[in-house]
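> Spelled out from the first residue to the last, the chains are:
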Amino acid sequence: MNKVNTKSPAVMLDHVSKWYGEVIGINDISLAIEGGVTGILGSNGAGKSTLFKILMGRLKPSQGTVRLFGIDPWKSTTPYRRIGYVSESEKMYDWMTSLDFISTLARLHGMSREEAVDRSKHVLNFVGLGDVHHKEIGKYSKGMRQRVKIAHALVHNPDLIILDEPLHGCDPIARTSIMNVIRELGKQGKTVLVSSHILEEIERITEQIVILHNGKLLAIGNLHAIRDLLDQHPHRILINCENPRDLAGLFISSEPIYGVRFPDEGQLEIHTNNLSAAHDVLPSIIVKSNQKITSIENPDDNLNSLIGYLIGGINHG
Amino acid sequence: MDDKGLSLKKTVWSQLDRKAGAIIELTIRQLRHRLSTWVVLSVGILLMLLLLAFYVDSVRDGFESIDNDGDAVDEDRDGYPLGQEIKYGHSDFDFSQYPGVGEYIPVGYIDSNDRIRTISGNYTWFGMGILNPTWINTNYTGNEWEPIINWQNELSMCPEGEAFVDWSWETYGSACIYGDSEYVFWGELKAYGSIEVPENRYLNWGFYTDSFYVEPDPISMYIDEDDIDWDGNFLQSSQGFDDDGDCIRKNWSDKSNYIDYSGEYNFDNDSNNNGIICDVKWTVDSEGNRIIEIYADSNVDEDPDDEKYLGESSHRTFIIGVGKMAFVILLGLFLPLFLALGLIRDETENGTLHYLLSKPIHRGEFIIYRLLGYLTVTGTYVMLLSLFMGIIASVLGPGDSIIRLKDIPIWLGIGFTTILVLCAYGALFNTLALISPKYGIYICISIGVWEFVMGILTIANPNWNISAISINHWALQIIDSIVLLTWPDTLQLQQMSQAFNLESGLDIFWKPPVHTLGTSNPLIAILVSFTMLFLFTISMLGVGQSIFKNREIM
Numbered sequence: 001m002n003k004v005n006t007k008s009p010a011v012m013l014d015h016v017s018k019w020y021g022e023v024i025g026i027n028d029i030s031l032a033i034e035g036g037v038t039g040i041l042g043s044n045g046a047g048k049s050t051l052f053k054i055l056m057g058r059l060k061p062s063q064g065t066v067r068l069f070g071i072d073p074w075k076s077t078t079p080y081r082r083i084g085y086v087s088e089s090e091k092m093y094d095w096m097t098s099l100d101f102i103s104t105l106a107r108l109h110g111m112s113r114e115e116a117v118d119r120s121k122h123v124l125n126f127v128g129l130g131d132v133h134h135k136e137i138g139k140y141s142k143g144m145r146q147r148v149k150i151a152h153a154l155v156h157n158p159d160l161i162i163l164d165e166p167l168h169g170c171d172p173i174a175r176t177s178i179m180n181v182i183r184e185l186g187k188q189g190k191t192v193l194v195s196s197h198i199l200e201e202i203e204r205i206t207e208q209i210v211i212l213h214n215g216k217l218l219a220i221g222n223l224h225a226i227r228d229l230l231d232q233h234p235h236r237i238l239i240n241c242e243n244p245r246d247l248a249g250l251f252i253s254s255e256p257i258y259g260v261r262f263p264d265e266g267q268l269e270i271h272t273n274n275l276s277a278a279h280d281v282l283p284s285i286i287v288k289s290n291q292k293i294t295s296i297e298n299p300d301d302n303l304n305s306l307i308g309y310l311i312g313g314i315n316h317g
Numbered sequence: 001m002d003d004k005g006l007s008l009k010k011t012v013w014s015q016l017d018r019k020a021g022a023i024i025e026l027t028i029r030q031l032r033h034r035l036s037t038w039v040v041l042s043v044g045i046l047l048m049l050l051l052l053a054f055y056v057d058s059v060r061d062g063f064e065s066i067d068n069d070g071d072a073v074d075e076d077r078d079g080y081p082l083g084q085e086i087k088y089g090h091s092d093f094d095f096s097q098y099p100g101v102g103e104y105i106p107v108g109y110i111d112s113n114d115r116i117r118t119i120s121g122n123y124t125w126f127g128m129g130i131l132n133p134t135w136i137n138t139n140y141t142g143n144e145w146e147p148i149i150n151w152q153n154e155l156s157m158c159p160e161g162e163a164f165v166d167w168s169w170e171t172y173g174s175a176c177i178y179g180d181s182e183y184v185f186w187g188e189l190k191a192y193g194s195i196e197v198p199e200n201r202y203l204n205w206g207f208y209t210d211s212f213y214v215e216p217d218p219i220s221m222y223i224d225e226d227d228i229d230w231d232g233n234f235l236q237s238s239q240g241f242d243d244d245g246d247c248i249r250k251n252w253s254d255k256s257n258y259i260d261y262s263g264e265y266n267f268d269n270d271s272n273n274n275g276i277i278c279d280v281k282w283t284v285d286s287e288g289n290r291i292i293e294i295y296a297d298s299n300v301d302e303d304p305d306d307e308k309y310l311g312e313s314s315h316r317t318f319i320i321g322v323g324k325m326a327f328v329i330l331l332g333l334f335l336p337l338f339l340a341l342g343l344i345r346d347e348t349e350n351g352t353l354h355y356l357l358s359k360p361i362h363r364g365e366f367i368i369y370r371l372l373g374y375l376t377v378t379g380t381y382v383m384l385l386s387l388f389m390g391i392i393a394s395v396l397g398p399g400d401s402i403i404r405l406k407d408i409p410i411w412l413g414i415g416f417t418t419i420l421v422l423c424a425y426g427a428l429f430n431t432l433a434l435i436s437p438k439y440g441i442y443i444c445i446s447i448g449v450w451e452f453v454m455g456i457l458t459i460a461n462p463n464w465n466i467s468a469i470s471i472n473h474w475a476l477q478i479i480d481s482i483v484l485l486t487w488p489d490t491l492q493l494q495q496m497s498q499a500f501n502l503e504s505g506l507d508i509f510w511k512p513p514v515h516t517l518g519t520s521n522p523l524i525a526i527l528v529s530f531t532m533l534f535l536f537t538i539s540m541l542g543v544g545q546s547i548f549k550n551r552e553i554m
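So the sequence lines, in the order shown, correspond to chains A and B.
Residues in the first sequence are numbered consecutively from 1, following the working numbering.
Residues in the second sequence are numbered consecutively from 1, following the working numbering.
Fair warning: there could be bad hints in the mix.
[Unchecked claim] DSS-like cross-link-like pairs, simulated, lysine-lysine; straight-line CA separation at most 30 Å:
(1) K549/B - K216/A
(2) K60/A - K438/B
(3) K87/B - K281/B
(4) K87/B - K438/B
(5) K91/A - K281/B
(6) K7/A - K549/B
(7) K216/A - K139/A
(8) K549/B - K60/A
Because the hints were derived from the structure by calculation, they are not lab data.
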């Protein structure tokens, strides 16, 4: 927390490419990240894990330069003193207790046995597993396992934390808990990289995002800024209600709405060019209609649409 | 946490220590949680218990006297043992030949070309002719497989015509009635009369000496009847005494001087070529205090007192055999095959390697610590097992003291050598599994078969150069050397086994170390062999490290 950062950024990639034979993993990525939580967004196969594995020295970049705190991670393990990594691998030593697991791994940072146990208890408390640390990992739920993995990455109080799909497969409660943990880490001033293929998850954690698509860096910056751009483009809102036709009449006269559609019984799809404006008028129209609304969905408000927009033309598929 | 303060306290070494400790501990705990570990360790213990049972059964229960030279038999069942028959120059495969039986003394013969073809007298005759008898010994009979004519059978009439002109009697060992008072015969008979021998036929005659009774020796007389005679004087090369007289052959039948036990003729009573008949040549080393070769003349000290000599050498054979076969060859191979092969490979396959490699630890270091973890488990196991075997065998072994303390260094040496083998195979197998995660196991098994064969070859003859292309060869050399260091007289016992037909197996399981650089010093052999194993382990480790260091992990 109070470590003095060197001048080098936590993460620096300069024209980095990685290909496996004919297949491209990541393609000419240049990036520098320092401080705060950064969401690495991309659909499956976009190159998120490849990027992380390059950062963690598992893979050697085919081209370009990678530096973690100014050091090449393929050649040296020195940066790992300051890095915590949560891989996407589900496997753990199920026969160990979480305290055992984390303290054993903590000792690989050169901690004494006692230090390791103390620190492990501390991080297990931090991720909310303090009261079950004597249980074997094999008996944990998916979300608890995921939190053990995160705790193990935090045990040495790292400056950079890399989390590969930490919310994958977790139930909503675990998800919220993990998101809180990640936000808290960001607040502590650490550099956190979180990958996900779900826009909404990242949105709840951070505003700073990197979007990868087919191995390429598609966008980098503030999520809201990117979204605002997206808002100005055609968007759909799907409403499940009692009487779609009545509701459609009310919407069609409203400014930001330029079209309606009835995809299914009890469903109304409204089309807009300005999503935030549409959301502004939505509550008053619904109140006016006096109908029972069962759900409101934004089918275009996902990563695919965002990527579709960024590569030109919204994917209405 | 005050990082600065902590980092001041921590030296590089203590950090290294902690990392090593953590990975070694993790490896041990992982191995402890695997069923295969327990299976292979239990099988090892069972094997040792089985061998101990074998030891108790065959070594501990004393030694039956063994007829080392094989003369305490009576193959023809005439009541005389082979040793006694040989003294009299008789075969032990013919019950009509035995000590005291009458000897045939030849007197004369008519061969096919002699001019005079008639002879008279009272003899034992053998051949073909027309007999005009005064008297025939009808009690001198043989059976259907012998040439002696059986006169007690009813004889047939000879065919019509003149014998050997109109017809010829061609039935061996029989006769026919010829005319009124003559017989035509072919075979052996005792008779008084005249015999006419036809042209182109022969006849021998002579007589048997009187037979006399010879008391048959008890078979037991030919067991342990020629003990080893060594006066302990290292300066006296010619030793040994032919207690049973079967080399000197004084007052034996003339015939027997040319016959050996095996039935070979031209018996050589100075087969060790030292110019002294019927002795044993004991050769000492250059320092003059160790017997390095024993060469006995045939039939000298050839049937020693087994109880006296087998106890010690069988005990040593057991230790050496267990050390080589059970520890080095079997445990040395199977423990790494089960426990070392997957040290890195399994972590990669399971995906748990990520946790370990995201720590500030070099991959090369990681391999070493993993191997150290595996060695802690297997090494402790092997040392405890060898100590256990050592204590039991030392208590049970021959000797006056309660426990043979001198055996313990040998057992520790066996444990130590096995650990060297575990290091070498551990590094090799781990590296092979890294080179080819898919086919590594098959390569390792093939190497295991090769190593097994080379191990057996090394035990049989360490001088065969081909066996040096194996880990086992060098490990077994260390055991041979440790044995010679701890029990310097093993060479003497082994030479005694060879020279005096002692069936202790010592000469099968133990040979003097060969890699002594011409010095015959076992310490040199240990040094050379250790260096070979060490270099091999280090180079395999190096190969494994460089492969792992440059491997991309998905």
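> The structure should be examined with respect to each hint, and the outcome stated for every one.
Against the structure, the hints:
no.: 1; hint: K549/B - K216/A; result: holds (28 Å)
no.: 2; hint: K60/A - K438/B; result: holds (23 Å)
no.: 3; hint: K87/B - K281/B; result: holds (25 Å)
no.: 4; hint: K87/B - K438/B; result: violated (71 Å)
no.: 5; hint: K91/A - K281/B; result: violated (72 Å)
no.: 6; hint: K7/A - K549/B; result: holds (29 Å)
no.: 7; hint: K216/A - K139/A; result: violated (40 Å)
no.: 8; hint: K549/B - K60/A; result: holds (11 Å)
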